[in-house]
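*Asks:* Spelled out, the chains give:
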Amino acid sequence: MTAIPIGVPRRLVEFTLDGQEARVPEGATVLDACRAAGKDVPTLCQGDTLRPKNACRVCVVEVEGSRTLVPACSRRAEPGMEVRTDTERVRHSRKIVLELLVSSADLSTTPRAAEWIKEYEAKPDRFGPDAARLNDEPKIDNELYVRDYAKCILCYKCVDACGDQWQNSFAISVAGRGFDARIAVEHDAPLTDSACVFCGNCVEVCPTGALSAKREFDLRAAGDWDESRQTDTTTVCAYCGVGCTLTLHVQDNEIVKVTSPHDNPVTHGNLCIKGRFGYQHVQNRG
Amino acid sequence: MDLRFGDSKPTDEERAAVDALLGPPESAWEGADRTDADLRWARGGRTARDRRDLLLPGLHALNDRVGWISEGGLGYLCRRLTVPPAEAYGVATFYAMFSVRPRPATVLHVCTDLACMAAGAEEVCAGVEARLGPGSGVGVERGPCLGLCERAPAALAVRAGDPVRTAVSAPASVTEAVDAAGAPDAAPEEPPAVAAVPQAGDPSLTLLRRVGAVDPSSLDDYRAHGGYTALRRAFALGPAGVIREVTDAGLVGRGGAAFPTGRKWQATASQPDHPHYLVCNADESEPGTFKDRVLMEGDPFALVEAITIASYAVSAHRAFVYIRGEYPRAVRRVRHAIDQARARGLLGDDILGQGYHLDIEIRRGAGAYVCGEETALFNSIEGHRGEPRSKPPFPVEKGLFGKPTAENNVETLVNVLPILTMGAPAYAAIGTPRSTGPKLFCVSGSVDRPGVYELPFGATLGELLSLAGVRAGLRAGLLGGAAGGFVRPDELDLPLTFEGTREAGATLGSGVVMAFDDTVPLPRLLLRIARFFREESCGQCVPCRVGTVRQEEALRRIADRTGAGAADDIALLREVGRAMRDASICGLGQTAWNAVESAIDRLGAYS
Amino acid sequence: MRNRQPKTYTRLTRPLVRDSRDEPFREAGWQEALDRAARGLERNRGAFGMFSCARATNEMNYVAQKFARVVMGTNNVDSCNRTCHAPSVAGLSAAFGSGGGTSSYEEIEHTDVIVMWGSNARFAHPIFFQHVLKGIRGGARMYAVDPRRTSTAEWAESWLGLNVGTDIPMAHAIGREIIHAGLVNEAFVGRATTGFEEYRKLVEPWTPSLAEKVTGVPARAIRELAHAYARAERAQLCWTLGITEHHNGTDNVRALINLSLLTGHVGRYGSGLQPLRGQNNVQGGGDMGAIPNRLPGFQDILDPDVRLKFESAWDTVIQPHYGLNLTEMFEAMEDGRLRAVYCVGENPAQSEADGEQAVRRLKALDFLVVQDIFLTKTAELADVVLPATAGWAETEGTTTNSERRVQRVRRAVTPPGEAREDIDIICELATRLGHDWKYADAEAVWNELRSVSPDHYGMTYRRLAEHQGIQWPCPSTEELEPPFLHGRLWEPDPGRRGRPAPFGLVQHDPPVDLTDEEYPVRLTTGRRLDSYNTGVQSGGFASPLRRGEYIELCPEDAERYGVVVGEEVRVSSRRGSVVAPVWIDTALRPGLAFMTMHFPDEVDTNRLTIEANCPIAGTAEFKASAIRIEKLPASTHVR
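Chains as they are written, first to last, in my numbering: chain A, 1 to 286; chain B, 1001 to 1607; chain C, 2001 to 2639.
These are computed hints drawn from the structure, not numbers from a lab. On a predicted model such as this, the values are computed, not experimentally measured, just so you know. Careful, some of the hints might be misleading.
[Stated by the list, open to error] Keeping only pairs whose Cα atoms sit at most 25 Å apart, straight-line, the calculated DMTMM-like set for lysine to aspartate or glutamate is:
(1) K2134(C) x D164(A)
(2) K1398(B) x E26(A)
(3) K1403(B) x E78(A)
(4) K118(A) x D1569(B)
(5) K2631(C) x D2604(C)
(6) K1398(B) x E2109(C)
(7) K1398(B) x D48(A)
(8) K2007(C) x D141(A)
(9) K2134(C) x D263(A)
(10) K1009(B) x E2556(C)
(11) K1009(B) x E2559(C)
(12) K1398(B) x D164(A)
(13) K2438(C) x E2418(C)
Construct the entire structure; sequences and hints are all you get.
*Replies:* Below is the structure:
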């Protein structure tokens, strides 16, 4: 009989975090250690269901002996490492990264962005009124979700979720280069002419609201989106027999959004088109 | 994979171009006509997905044949390789030399980078654009350094077809450039590589010894000039012995990072994971650099031999040479050399009867400076966007295809030949104790004899510049290219070693030395450098993607300002520059502020 | 795209009644509706059938089967599992004594070879397929056996495009090849199985070349699959309705199970059998006893000890014989043995094969009460319609998924109008029929179920929430069992090993609806990614992928019939005829056409399908009809 893999017990790595002894399992990242120690490290491109892309660089920390700052989200803790998370050098880079982001993209629907801007005293306006921005109009080419790339920080999470990490549909990629790089389907076609299967797993991982379900987009546009009035209830999808756990976000007795817990053993946070968007039938109440 | 290829069909030409690279399709699922057998059994899976690394050659095949990459052509290539079209589109749009929009079959790439700018590239561009307007059948594209700085200003004409034709015009006049674009086949032959070696014939040369002395197309001639003695010696020493010699010789990487080559090889060789790869970085794209081109064009067998030795040392059986796309002649020469070596049993199954097997594949870049970064280069070879990876893990552990990889640039590898033929002690005696061996320098700009110079480490900047015949009115020297830094005319006694330049707060980089007089105002040079980084940033990380834009914007604002009028923007530049240096993923972003900073601090720009 | 006017359904908010089927419905109060329903059932006692719901909670299914058995005194209770996976349950329980898939999703990420047989999981079970993709990305090799080269098949190392209905020849040929190549796991076969010798003789005639002739797949491909499966250290064999929706679906399942017995690919982590279920609670419905032959906890009605336990728990007498299954109940409507049906949440008028016949039979009933959230086509035939709550968003309870994981569903929104929970309604009816049932809440029902089903005993609501669902069996409130079933087969001690698994000695039997000159095309059916069953639910959202119903043909056939995409054609079988527009799909081959059952209000595919049923499980042969395609005289192009 084959043994059931319960995971090899992991060794502990000891290192110094802001002068304090830190101990994490081998393989854990500096970010894991920071969070375990209750330190608030800002992150944008990091996702709990995705491999670190370390593109946004807002989580950088100082590691003794390293010429440059290192991203906490992807750097593994090593024995004897000396990590500092709150030096002037760290705060400077975080501040500039936030300024660069806010001066080029719309972070108004990015959770916690405003808080970090305050915390790091970022002043994005100082690049002047002519600073280049992403000024795309929202792309509304289907009834299920909207792509508002003026809010895109090019974190690659949607590409990774659509690609080999989860969905394997490969409908989108980063096209172009540098500041002109953008998320696109082949030949910049509308989604409806692409390999998109409308699972919305990209929406689930988007950190800025650049991708949002059409229902949420419409409610926000009308000023009616109000998370303080929403309840989240966990249940199971009504479609096929796979049994995906759903979290129903309900506002005024209307399901307004469906997600899935990222730590769920069946879904790992992913759903298909039916599970994520196929809820309307229960509230066709005549 | 359940990919969706769209409805666009390839033209016969596009299909032929792809099939010429990949062979005819094996089944209807790959694009052949449907047969009964196809509808009963289809193979796919790993074998089909494992050909992703042919994507870049496939894009070249399309672009070479028709001049751009159409929806139908891309779709067919994707079907053949089981690559998602969105990803292939992302790759195609990453490279400057590809177009996904229709364009004329002939494209004239005119260099507007530093050396050419100083040599009047602006006038050439204006003149060429005036004569090659819409309807001329030629597209004119201004671009970064073509690696022809010794003959600035330079232009490269590429005419799509079967085969693709190229012609170099350098130094280019408007008429010559237009003629080259109009009839690439009839353009005058480029001067031989040796024309870029002012020291040619000097018996003290080691690395450049054969350039001009041997027929670059003849293996026999190469052997007559001492070729393949180093490989015999390598086989005699065994892999560990080769690594020991290279380590003892004190060889460090010549690409700019100066990492000890022996250590890199040792680390690769000792990895338990297999296979191991050897990658030769010939994506020489640092503005002002052209030494690897001269080596590949003038002594291509030396590179093939050196790659063979390096591969042997690290137990690789597959090696790649990634040559920048702007070097058509170097590609031809190295390809020919590889074919010859293979035909003569110097590559392949049983090299020199030693039971060692190796093959070398050439990959052409397609216009992306960032691909000179080793991990970006791996991604490029693998058929992904040429974006650098986060390190660690380092390439010696997880490099090309995720396997242990030794990556060295052309000059570094070529140094291995004299190390083996003269022995480590004799080699180490050249140069200084901490920078051993000979070094190649690319001198261009305000000098009478621009070209590649070979000097032992430790020669001074002044010695090098006087060899090259520096002209009067020297305003500044740029060491290390766009990623390097400026020095003042009063710093000519700077020793050209890694440690010497570092101590002086400058950088040797890849060995670029550009001399500038007052022809072009410094702020314009800095703007050009800023534009270069903005255009070449891959866009992956925020500090570089947005920081290079903010840097260029600030430099544009202060282009005509000095003193207090520039102070705020200079402060801003310092802050952004510091974050780019500290927080960017790779060397591109980390160095994007170097030259500007040095101009402000060393040369007193804007003061 | 053609201009579609898809039917959308709005929720039922009040009970509907009528005195005669000729009349329209009128809204009624609950009292009246329940009284009428109770009277209608009362007068048909002895001729009653319960259609329970594979989409409602376990708790509802438990109460529904209890209603049938205790209140109505019959085992005639079944659900739409009959139309899909009943053969899997029958086949698996014949081999192993238990009707669940043997493996967990997680295991397919850690296996070496995956065989997807008659399963387009990429479309029909997208999130399960993500686990398959994890496996593939981790190095597993996948093989697909399917008449069509589906999206799933495109991920395969090797796709075997067999003729519809030749799964047994394919499986037997693979078995024979494994035997001839000396790849049988002899130790396992010797200890844990019976009937190997008979099996060996049975498959001996199925040489690869004979199999090639019958299945259409090259012998080399069959051999390669046999070797890959047998040599794998771990292998998963997954199937869906391509195996079960045949007149001999149970035999098909047995033929696949044989391969796992031959190679020992069952009862170990990473090695197992995985039938993928089509409805959110088709597994749970059966587990709860909402099937005619089992009591809750999959306990056999014919076992007197089991009956005794339930009789004392429920204070009733349980009929000591199996009831009628869904298919048999429909047949019994024909001859009047079944005169009243209580149908909860099912839509047999559109989901049954040979739809016209199903409607005719339902109309022949003396009394039909339908309990649903919509006025479905079936509800339109009823005497009383009772508005229910949606199981997944308006109800507390549990459902059980394909990997036997029991998970909590919860009320997130308030149901519309006067809609009431299924359990309340059933209890009201029970009360009117003399059984004063009171359950405080769904958890009370669940705890009653736990007390009678050892496999569920350990699953308290608290633990279900804590572990994000628990897989059965879970006999202990303290521990969790391994994620796979039948590890016992590997026990060295014969006592602990238990009953060995018998090889299924099943014969090839081609589809009933033969193709001939008049009906030359084989029609097979299946699901699309964004739609679901009869479309009542999935019609409610605006899928950009949805294009309505089409008859899908291969490019060669389209050319042969001179038809183009969007052109409407007449599609006829020996039973009925529909008009449908053409779609061209390169995944098909000449003589093979494809349709779905998602848009019955536009194109009623089940007019074409045949009600040729599996004699063991009762599932119809949805996957194989013979049809004819006719170009319409004045061609109407819709794009």
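*Asks:* Against this structure, judge whether each hint is valid.
*Replies:* Hints, one by one, checked against the model:
no.	hint	verdict
1	K2134(C) x D164(A)	9 Å, holds
2	K1398(B) x E26(A)	19 Å, holds
3	K1403(B) x E78(A)	22 Å, holds
4	K118(A) x D1569(B)	23 Å, holds
5	K2631(C) x D2604(C)	18 Å, holds
6	K1398(B) x E2109(C)	24 Å, holds
7	K1398(B) x D48(A)	23 Å, holds
8	K2007(C) x D141(A)	23 Å, holds
9	K2134(C) x D263(A)	16 Å, holds
10	K1009(B) x E2556(C)	19 Å, holds
11	K1009(B) x E2559(C)	19 Å, holds
12	K1398(B) x D164(A)	19 Å, holds
13	K2438(C) x E2418(C)	20 Å, holds
Checked against the numbered hints given earlier, the structure satisfies every one of them.
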